Amino acid sequence: MAELKRILLAEDNRKDVELTLTALDEHHLANEVVVVNDGAETLDYLYRRGKYATRTEINPAIVLMDLKMPKVDGLEVLRTIKGHHDLKTIPVVILTSSREEKDLVESYQLGVNAYVVKPVDFQKYIDAVKQLGAFWALINEPPPGSLRKEKEARRSAVS
Amino acid sequence: MTQPSHPIPLTILSPVSVAPVEPDRPTSPVVVTPPITANILLVDDDPGSLMAMETLLAGPGRTIVTAESGQDALRHLLQQDFAVILLDVRMPRLGGFETAALIRGRARSRHTPIIFLSAADTMDADVFRGYSVGAVDYLFKPFIPEILKAKVTVFVDLFQIGDRVRQQSEQLGAINQKLDQDITARKRAEEEIKKSNTQLEAANKELESFSYSISHDLRAPLRHMNGFADLLQKHAASALDDKGRRYLQTISESAKQMGILVDDLLDFSRVGRAELRQAAVNLNQLVNDVLEELRQDTEARRIEWKLGTLPEVRGDPAMLRQVFVNLIANAVKYTRPREEARIEVGTLTHQPSAVSREDVPSPHPAPGDPLLRPLQRVMGEEKVRGDDVVVFVRDNGVGFDMQYAHKLFGVFQRLHSANEFEGTGIGLANVQRIIHRHGGRVWAEGVVDGGATFSFSLPRLAER
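The listed protein sequences derive, respectively, from chains P and U.
Per the working numbering, the first sequence starts with residue 1, numbered consecutively.
Per the working numbering, the second sequence starts with residue 1001, numbered consecutively.
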């Protein structure tokens, strides 16, 4: 089951994907990431539709999501997830360039679990993503039905 | 009611004895003109009788026209309109009844009142015939002068009142039309305003979405530049010489700098767009908070603070806080070369003419203090309304050349290079924008190497 991963990264920009994976790799979490490239694909993955129709029923422990994505934007995806009785328990972290107040307000109104503005400074960016990955994929206890961390991952996180 | 359906030439005459009663309307736009001349037509085949009646009925505001036959009367009726016609019943050829029938037959004279004059032995049947052809009254010869006079006067008055009513209704019509036009014009103006408001809203929206895109899309490439330069440095550090590493460093720093500029510009745009909250703000409390916030930059420095008692003002607490953060942080920054910095935050609340030593918080600068002089000068230039609160932040730092004072508050305008003093040049632009939005003014005085004073005015709390 190739898609059995703990982190769902919804990001349309390949460069951002690469930088984020680089940062997550500091906790050896890069291999735990499924990348989807727009909002529609994000929903397909979560609803197990289209090319994700055969994925297991287990949900990711965390969704890291950009706001500005093609087809369906992040806020729309967030609205759908948080309005769905099974999906709404999945923690969603918005990871975006924008610190526009209306995005912040709307995200929280829709029930986002965290909102992180990507710093331009790469070191700060690495730190932010590392902390996010460590917290949500390793430290936080995800809701039942999510993929839990394995002993191996726990060891690597502690080291 | 006599109401000629045709306009009658107006003659300005003094009012007749019985003027129509009209309440005083001092502010009424209706123009009152003297009563119209009433034409009276007397028709009788007896010249003596005609003359007697003419003498009896003549008076100001009246024109008596006489006719000795029915044909003669009809000729006059072709030329003019009459307030009343006195018509003898018994005339040769065209008798009174026939004449009356012809008068009634013409649209223009259909409603002209006719009084029949008749001999005393007139049969009742004749009287009825008279009424049936349109008589309004019947008088029997020989008539009593007072009665004749009174009856004619009634019709003359009726005619004149009717004419006045017609005039006034015309004037009212004109006024109504003008009101209609005014209302139409106002509606059009309102629509114009609505239209420009819509355009303004659209422009604002556009600006908002513009800044939104900048926020989203402009920062991403910078992040990538910085990120990949960093990765390259890690990846190829050993393969690079010092020069190569410095180049990479420069790329990273420039990207970071651009990121800061973008953020500052977005902040500036936000300061202009954000809704202005209104609350009572204790400026002393605000300054203390700001000093706490800036402690990281000040604790390693020797700074002598002089904090005057500041007034309470009405404004947006967060925005006013930003004003003090920018001004005080500037004072801290630009006094960095001083072994001991002096930074003063104080207020001037009196009229410009009252500027004196007492107006400056203690310790008072000497009257000849170069820092006080420019302030007095500016206060004298009516930059401040008498009732405004003026707050200043003064330092003994590197100052600036007054020649460039006008550039200080421009976006990204700087009077120092980034090597000397870091910064993007957005802080004072924000200060100015915030103070302007509060209805105040902002200005600066400085001397190269002699310190700077930044002042702003705000409406006093009690004013609002």
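In short, the hints are calculated from the structure, not lab data.
A few of these clues could be false.
As the list claims (entries may be wrong) - Below, in silico cross-link-like pairs of lysine-lysine (DSSO-like), each with a Cα-Cα straight-line distance of 30 Å or less:
#1 Lys130/P - Lys1234/U
#2 Lys1205/U - Lys1178/U
#3 Lys124/P - Lys1243/U
#4 Lys1333/U - Lys5/P
#5 Lys71/P - Lys102/P
#6 Lys124/P - Lys1333/U
#7 Lys71/P - Lys88/P
#8 Lys1243/U - Lys102/P
#9 Lys15/P - Lys68/P
#10 Lys82/P - Lys51/P
#11 Lys124/P - Lys51/P
#12 Lys15/P - Lys1195/U
#13 Lys1333/U - Lys102/P
Small disclaimer: the values here were computed from a predicted structure and weren't measured.
message: Could you work out which of the previously given hints the structure breaks and list their numbers from low to high?
response: 2, 4, 8, 11, 12 and 13
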